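Trainee: Here are the chains, one letter per residue:
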Amino acid sequence: MIAGPPARLPGLPSWPRLLLPGWLGLLHLPAALSRGRKLAVGLFAVFGVAFWVGIFFAAWWFFQRCVEVELVGPLLVRKVLDMTFLVFLSVLLFSNLIAAFSTFFLADDLALVMALPLSTDSIYLARLTDTARHSSWMILIFGLPIFGAAGVVFDTAWTYYGLILAILPPFVLLPAVLGTFVTTMLVLVFPARRTRDLLLLLGLIGFCVLFVLFRLLRPERLLDESQFQDMVSLLAAFQTPQASWLPSSWAVRVLFPALRGEPAAGLADLGLLYLSAGAVLVGGTWAARATLRRAYSRSLEGSGQLGRRGGLTASRLAYSASPGRELLRKDLILFLRDPSQWSQLLLLLALVAVYVLNFKNFELLGASGIISALGLFYLNIGLTGFVMAAVGTRLIFPAISLEGRAFWLLQSAPLSASTFVRAKFQGGLLPIFALGLVTIAVTDWMIGTPWHLTVISVLTVGGLACLVAGMGVGLGALFPSFEAENATRIAAGFGGIVYMFLTMALIIGVLLLESWPVFLVHASLDAGRPLATRHLLTGGLSLVLAVAVTALATWLPLRLGSRSLARFGE
Amino acid sequence: MILLEDLSKSYGPIAAVQRLSLEVRPGEVFGFLGPNGAGKTTTIRMMAGLLQPSSGRVVVGGHDLASAPEAAKALLGYVPDRPFLYERLSGRELLRFLAGIYRLPPDLARARALRLLTDFELLSRGDDLIQSYSHGMKQRLTMCAALLHDPQVLVVDEPMVGLDPRGARFLKELLRRISHEQAKTLFLSTHSLDVAEELCDRLGIIHRGELVACGTLAELKQATGDARARLEEVFFALTAEGDPVPQPPAPAPASP
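Line order of the protein sequences matches chains V and B.
Once you know that position 372 of the first sequence is 372 in the working numbering, the rest is easy, because the numbers rise by one and skip nothing.
Once you know that position 171 of the second sequence is 741 in the working numbering, the rest is easy, because the numbers rise by one and skip nothing.
Just so you know, the hints here were simulated from the structure itself, not pulled from any lab data.
None of these values were measured; they are calculated from a predicted model.
Be aware that one or more of the hints could be misleading.
[As the list claims (entries may be wrong)] A few chain V residues that face chain B, going by a derived Cβ cut-off under 7 Å, partial list only:
hint, residue
1, Tyr319
2, Ala321
3, Pro323
4, Glu326
5, Lys330
6, Leu336
7, Arg337
8, Trp408
9, Pro414
10, Leu415
11, Thr419
12, Arg529
13, Pro530
14, Ala532
15, Thr533
[Unchecked claim] With beta-carbon atoms standing in for the labels, derived distance ranges:
hint, chain 1, residue 1, chain 2, residue 2, range
16, V, Arg293, B, Ser591, 42 to 48 Å
17, V, Ala353, B, Asp689, 50 to 56 Å
18, B, Pro605, V, Ser322, 42 to 48 Å
19, B, Asp689, V, Leu39, 46 to 52 Å
20, V, Arg325, B, Ala788, 50 to 56 Å
21, V, Ser322, B, Arg595, 34 to 40 Å
22, V, Ser322, B, Asp689, 25 to 31 Å
23, B, Gly607, V, Val53, 46 to 52 Å
C-beta atoms are modelled at their ideal positions from N, C-alpha and C, and glycine is treated no differently.
So that you can see chain B by itself, here it is in the shape it has in the complex:
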């Protein structure tokens, strides 16, 4: 469903992503892990059509994002790490605007917006301006916007950032439902190893712009040579910088 082929992106002399290739199958939940600055967000932005690759290509549902961007983007829903929206629109107006952009017929647009606002517990605030929403509400509205056109592929960048435990659990349940009940393909970038372990069928680990490992959790454990290891240990083993994991400094002694 998603094919990344020799994907590279450089910012001047800095190579953010280098020759990344992977394939995500239909209905699969793929977790994309890596330390800060590894190239996760850059990869996801290239998949969503926000950034142009320096080389390589992105194919979504058989459509090349470079040569058939509209066909590829019509299959894709994107949720960025920071939910910047039109602050002076209401939630309902934003969904209506995007329904027009995705050319949804009026009845379908109205019904979907209503259902999503209800499902995401935003119905009572649907007519309020987005600028009055909390971070979690904006995150949920962004998810509504991504699901409005019923995409086959959902690309989510750091879904848990800034969410309280209730919001995080809600989102986890939702992602599980989307993948299991609606058989959508999910591509998740996350720092939360628990979420990855719980939700993802396969995982890819990116480090310094290169895909250093890709497979099921069992395959990754095998690759590190410790079948009983937890994902956290696998992650540290695969993204080690040569030194052990840094430890926080000991607290300074109290002054007399």
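Next up, chain V with everything else stripped away, as it sits in the complex:
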């Protein structure tokens, strides 16, 4: 018998019904969470709201400064909006490329969905909605407070806020369709898992490039009244692509007239956004009919083709009958073989390079007398500490959770939790110390720090490296997430944020305690006089406290983390 076209069965699920499981899962989330997790989610929400409010006020302050500039003020705002939308569009494209892999080719429920008697259109539309939802949260968190702040500064009518909401659906949909299309084409050519690694790497490089570009703009110049005119000329000279074919330009052409009280002037561009989104959606659906099922089949074929181990391995290191050393060796091999991990090295290097390149600006602050030499010295250590904490969030905090579902191998082995935690600490300490040491040595050299302050800064950074590694491994053990897919997701979770804030607070605390004895030593060397007994006592006490806080902030989290892991499964 020859099969005819699929019949339109009554009650056949359509694409909105395919979204139901995801939405129902969200609805049931509160009931599924334990009391501890609910508390964590609550705290997380508080952090989120505080962050949102912070962005709103920063943007409000910034736009306020812009409009105060005579004549070119509004143009400056437009330029900033152009840049903001362009960055959002680029990031949305990248995140959609990666999100489409998970939703279209790697999700656990795909085997079930693909086997259902559903049209390709329904599956495509449902997964596209999921893809757009996964990648568009960033606009809601970062974009809305920025656009909202612009509206408040211009004291605009409610139609402006309505237009913000109106441009979001097509602006989110366009990169989602395009990202899904590119992903599908890539899967048709390469195995799905390998392509995802490639895209993660490309995404990171793209992020680094954007970050460096942003740093080269030096927005901190806006803080300096005397340099504001330079910044205006810089922004004017900065050639943000103004191509009228970019949806980011259409979005600005909708919002900017509304900001100035002429919302009707942007309606044609709003229409253009919706028409393009509609056309692209039709095109994407049509392309999916021809390619989606073939690409899904290809992704299943591809997943088994990763066989041989890579040449770049640590497996040639000598075997040691020591659990700690073998754990380190295993972690190194896994790190080198996982592009989602080692590509973070690029981010790390970009971060350090940006910091070092920009440090010359701080030297200017010192030369102009705004900040003292000692103040500059402290600023340098503090910022190096923050760089170490940021890198620790990505590299050290996830170390325990990255054992993943294979953690049972260690749980059932005769390996104490403290040995395990100690090995992770040693593995994290070395790279973070090397990073801090190189950063502080280079920056000290750049600004010609005196030798005694250089020695103090190196010793301080050594202590802070212990603190950063101890806090990272300890809190990583207290907030493990063995089900998480990758290090980025682990670092972005509740524990990662707690780690980041606590570590930064502790770094500030240690530096404050250390400042008094360092000031005394510096003053005594400058004056060529020995320290008075009273100063020796107070300075010594403060130094002992700084060392004690560093030691405690290193030891205590490791101890608590070990205990928590030993009780894991209670």
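With chain V fixed as given, assemble chain B onto it according to the hints.
Mentor: This is chain B only, laid out in the frame that chain V set:
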């Protein structure tokens, strides 16, 4: 060799295992049977040190798992129901890593890994990443990992899940060899009543978290009052919910 004493585990208000006590003698093959959700995997995870009991204790080779976990775990090899491994290591690298964790001397580690990979027909794929292995290969590699340190006790959770008939026969032969030739103590949780009947010296049946029967097959038959009954009938009799075994529904009549 294995002693479970008043072992209980609760997840909030749900009691997964309740006051379970049993003893497995050295060299014995003990089969642990029960319906889905009866508490088999929870019990086994407590024995392997993955879950902490709410009350009671696990003793392996005279070592209390709570007070001397490292000594107890050194005697034990554990094979879970789902073989999650480090996907980006090769099979050989995984065994080398675990040899270090178990502190095996280098020569012994190399020789054991080679022998196990050969015995389990994984030698030709030993340098491939685990992520390229089939389910059966991962299961065999997990068995290699459990046997690497030559444990006195092997705890295996659902050994036959996902294996093809050839793999299942291979594993059955292997378990028989381990128990008979190497005189190791085996604790097997299984749904396969044939495997239990064929391999096990004694059986324990757990139902709703409680051990409802324990003994040799003959003793269990006696307990149900039917000496000629097969294990399947004994199992259903001991785990009955009050209703007879549910029957599949009759097929719907074909539409005209």
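Trainee: Could you run down the list of hints and mark each one as holding or not?
Mentor: Evaluated hints:
no.: 1; hint: Tyr319; in the structure: 5 Å, holds
no.: 2; hint: Ala321; in the structure: 5 Å, holds
no.: 3; hint: Pro323; in the structure: 5 Å, holds
no.: 4; hint: Glu326; in the structure: 3 Å, holds
no.: 5; hint: Lys330; in the structure: 5 Å, holds
no.: 6; hint: Leu336; in the structure: 9 Å, violated
no.: 7; hint: Arg337; in the structure: 4 Å, holds
no.: 8; hint: Trp408; in the structure: 6 Å, holds
no.: 9; hint: Pro414; in the structure: 4 Å, holds
no.: 10; hint: Leu415; in the structure: 6 Å, holds
no.: 11; hint: Thr419; in the structure: 9 Å, violated
no.: 12; hint: Arg529; in the structure: 57 Å, violated
no.: 13; hint: Pro530; in the structure: 54 Å, violated
no.: 14; hint: Ala532; in the structure: 55 Å, violated
no.: 15; hint: Thr533; in the structure: 53 Å, violated
no.: 16; hint: V/Arg293 x B/Ser591: 42 to 48 Å; in the structure: 55 Å, violated
no.: 17; hint: V/Ala353 x B/Asp689: 50 to 56 Å; in the structure: 52 Å, holds
no.: 18; hint: B/Pro605 x V/Ser322: 42 to 48 Å; in the structure: 44 Å, holds
no.: 19; hint: B/Asp689 x V/Leu39: 46 to 52 Å; in the structure: 51 Å, holds
no.: 20; hint: V/Arg325 x B/Ala788: 50 to 56 Å; in the structure: 52 Å, holds
no.: 21; hint: V/Ser322 x B/Arg595: 34 to 40 Å; in the structure: 35 Å, holds
no.: 22; hint: V/Ser322 x B/Asp689: 25 to 31 Å; in the structure: 27 Å, holds
no.: 23; hint: B/Gly607 x V/Val53: 46 to 52 Å; in the structure: 47 Å, holds
Violated hints, listed in ascending order, are 6, 11, 12, 13, 14, 15 and 16; each of the other numbered hints is respected by the structure.
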